[in-house]
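Peer 1: Here the protein sequences come in this chain order: A and B.
Residues 1 to 648 in the working numbering are what the first sequence lists, from first letter to last.
Residues 1 to 162 in the working numbering are what the second sequence lists, from first letter to last.
What the hints contain is simulated information worked out from the structure, not anything from laboratory work.
Accuracy of the hints is not assured; some may be wrong.
[To be verified] As a list, the in silico SDA-like pairs of lysine to any residue whose alpha-carbon atoms are at most 25 Å apart:
(1) A/182 / B/61
(2) B/157 / B/100
(3) A/182 / A/59
(4) A/182 / B/161
(5) A/182 / B/110
(6) B/146 / A/143
(7) A/59 / A/187
(8) B/77 / A/315
(9) A/182 / A/217
(10) B/157 / B/88
(11) B/146 / A/184
(12) A/139 / B/61
(13) B/146 / B/125
(14) A/542 / A/596
(15) A/182 / B/160
(16) A/313 / A/292
(17) A/182 / B/117
(18) B/77 / A/183
(19) A/182 / B/112
(20) A/182 / B/115
(21) B/77 / A/143
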Amino acid sequence: MRPHLSGILALLLAGPVYAEPASVVHGQADPAYLAELRLRVEELDLGRSHGWRVLGHYKGRAPGQWLSQADGEDFFLSPDGADDPEAELQATLAAFFLPPPPPPAGEPSHLDQHPQCRFPRRYAWLDEQLGFDPERLPKQGCPELEDWKQRLGATRVTLVFADAYINNPASMFGHTFLRLDKAQGGDLLANTVNFSAEPWTSNPFIYPIAGIVGWFPGTYATIPYYLKVREYNALENRDLWEYPLDIDAEELDRLLDHLWEIGPVVFRYHYFDENCSYQLLALLEAMDPSLRLTDRYSAWVFPTATLRAVTAKTDLVQEPDFRPSMYRELIARRDALLPDERRLARSLARSLDELAELETLEAPRQAAVLDAAWELQRYRAAGEPDPAQRAHDQALLVARRRVSVTSEAPVIPTPDPPERGHRGGMSALGVGQGPQGSFARLRLRAAMHDPLASQQSYVPGTRLEMGHLSLRLPLDSGVPSLEHFILFDAASLAPSEPWITRMAWRLRTGWEQQPFTEQRGDCQGRGCIAYGVSGGPGLAGKLGPLLAYGFFEGEAALGAGVGRHLRLGPGAAGGFVLGPPEGIRMLVEGRARYPLWSAQGLFPGAEAIEVLVEGGIAAHLRTNLELRGLGRLVGEEAEGSLEVWMNW
Amino acid sequence: MNRLVAFPLVLAALTFSNAALANYGSAGCGLGSLIIKDDNMLQLFAGTTNGTFASQTFGITFGTSNCTTGGIVRADKEQEAFAEANLDALRRDMARGQGEHLVALASLLECEDEVRTDLYAFTQDRYESVFPSEDTTALQALYMLKIQLSQDPTFVKECGRI
Chain A
1 MRPHLSGILA
11 LLLAGPVYAE
21 PASVVHGQAD
31 PAYLAELRLR
41 VEELDLGRSH
51 GWRVLGHYKG
61 RAPGQWLSQA
71 DGEDFFLSPD
81 GADDPEAELQ
91 ATLAAFFLPP
101 PPPPAGEPSH
111 LDQHPQCRFP
121 RRYAWLDEQL
131 GFDPERLPKQ
141 GCPELEDWKQ
151 RLGATRVTLV
161 FADAYINNPA
171 SMFGHTFLRL
181 DKAQGGDLLA
191 NTVNFSAEPW
201 TSNPFIYPIA
211 GIVGWFPGTY
221 ATIPYYLKVR
231 EYNALENRDL
241 WEYPLDIDAE
251 ELDRLLDHLW
261 EIGPVVFRYH
271 YFDENCSYQL
281 LALLEAMDPS
291 LRLTDRYSAW
301 VFPTATLRAV
311 TAKTDLVQEP
321 DFRPSMYREL
331 IARRDALLPD
341 ERRLARSLAR
351 SLDELAELET
361 LEAPRQAAVL
371 DAAWELQRYR
381 AAGEPDPAQR
391 AHDQALLVAR
401 RRVSVTSEAP
411 VIPTPDPPER
421 GHRGGMSALG
431 VGQGPQGSFA
441 RLRLRAAMHD
451 PLASQQSYVP
461 GTRLEMGHLS
471 LRLPLDSGVP
481 SLEHFILFDA
491 ASLAPSEPWI
501 TRMAWRLRTG
511 WEQQPFTEQR
521 GDCQGRGCIA
531 YGVSGGPGLA
541 GKLGPLLAYG
551 FFEGEAALGA
561 GVGRHLRLGP
571 GAAGGFVLGP
581 PEGIRMLVEG
591 RARYPLWSAQ
601 GLFPGAEAIE
611 VLVEGGIAAH
621 LRTNLELRGL
631 GRLVGEEAEG
641 SLEVWMNW
Chain B
1 MNRLVAFPLV
11 LAALTFSNAA
21 LANYGSAGCG
31 LGSLIIKDDN
41 MLQLFAGTTN
51 GTFASQTFGI
61 TFGTSNCTTG
71 GIVRADKEQE
81 AFAEANLDAL
91 RRDMARGQGE
101 HLVALASLLE
111 CEDEVRTDLY
121 AFTQDRYESV
131 FPSEDTTALQ
141 ALYMLKIQLS
151 QDPTFVKECG
161 RI
């Protein structure tokens, strides 16, 4: 041992990079064998193979050029490992020949493990490709890895999708993670594999930018499923979809081995592309390289697109289980009550004054009323009850525990699973007729949904549009003009209903052609563009077949298309959506705004109120194909158009 | 059990529990308020990154924290972590004598299937002694539940970890 100790120490001092491991000779590890294996690797061209690139998370930068998406340096054994898969493979192979490391002096770290244990999936993959001879390359024991797997106790894997959460603009696209199911104990006690950012700031101006640009480090964590259920089902009122994966014990082992490799590694978090969903695809691919899940994605990855990609592999995924939000449970419990019971539950949710009346009911009905009342007051407290609410909460539970019967399970209808909805990208081509003559129109939209589109698998009445470009080509002059480029346009039309008053809201920002032909400062006629922000709170509700809504809005617009280059003012809007989730849908909306400051000066008077009515009818031909007729009325100008919409 | 014997036992248990509870509270996993974000602006944007503060606690790496080793809740802390993280769901389930969270707790107490139905009814029956007030913490409730279960020979026999 002694003669080699200095060599080992020198290597350890050199840090995680094993630059010249071939010079180390120990035990049965045979340097000649390493040389043989290196030749075999060259022959088989393993360093550039798909299977190896998947394990290193390498993505093509340019033809023949690679860059790993892992940012932690300790993920690489070669100094050039981040962008040279072949060098990394050679260094990995050499590191596997190292002698067992000495016991760590201080707090053990993952770097103290033998490379065979730090990179168990690389080892197993290279073993599969090269067929290691254990006589000439001793297999190292990995007690930490074995202990970790044993404590995880995973026997099956489930892909979980947390539904879009419209009231949080940032998680509108949903979230995906894996659940490692145990043989016993139920789903709640399982661990999850969750990729998320670790924000270093809560500054509201920096936070969203950092999330999109990739300034936050992203890492994996194994969070208990009960915490995720609480976070999504109870606190955020989001539904969870659980897709059991059809994988065998060997695939599960590969998944865990790779998870062990990337567990301590930092990846930059990008909201649009290198996000939770992309990382899960990469993880599944490391489990089974033939899945080829990450090849198709480049610019951005929507969690629902991940679901579509994974569920398209029918031999991988089974039908999902649905875990409804607390909100759905509350609605189901409310709907299971008779009118009198409903009134009583609503009263009990506020105070126990009518507890005596409750006792006139039979025990199972008392339980049903108290369950609904408790859930209503929980919903109203929104996860942060004040002391009075907490005391009332406790009093309701004490009343409930005195009714010694079990509750009937609420009947909650299962909605369409999220992967069945239309795709997020859209392009449309249309023709129309306006006061200036006929025109053609081209639209492109990066994401994702609007109230006219097929509502299947989407939250009814929501709008979430990002990167929406509209170009107009007048057929006579042929000079194209920009109608709008909307950066972000979102609206939540969550209807208020018995027991539950919810705020509707919307927010829109982008460059838009200004609708009016009168005074516009420096700009005349069509094509006057201004950048604007508008939005505000409102209410929505179901009126028979209509989903009707109204908003109070504020608006700020900036640019040559606006008098004095700046317009500020309040406005109001109202409208309705009509029609079945699929089939023919209709939307009509009227808007008025009153510029406080415009070309006419401050408080320009009633004649400055701008009124606009627009609407459309969409006929859904297929999930991803529809026909739209759109109309618009501004003052005495009216125009109409017909468009073919395709989602991709 | 004879009442004369049971009374001092309960008394001893309660005295012990009061002393023990003082230390018990500080040994929790801090999961009670892990996800409720105090800062509303932060909450608004946290979804951009799906960042939960749980990530740091459960990061897959070496090392041992108060409750986890290698990012997994340690076996000796499983009950406490679960109770802390699910206080409200457990209150609801115990008051109803049923529910998924109660089933999970029974698993963590390693109760055999045959006594589960009795266990659920027992928790409903003893709700007020397990949760005497709205300020009862998860660790206090867990402790009180286990004290009470440990006085029933059936549960002592059929539940492996009370």
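Peer 1: Checked against the structure, which of the hints given earlier come out wrong?
Peer 2: 3, 6, 7, 8, 9, 10 and 14
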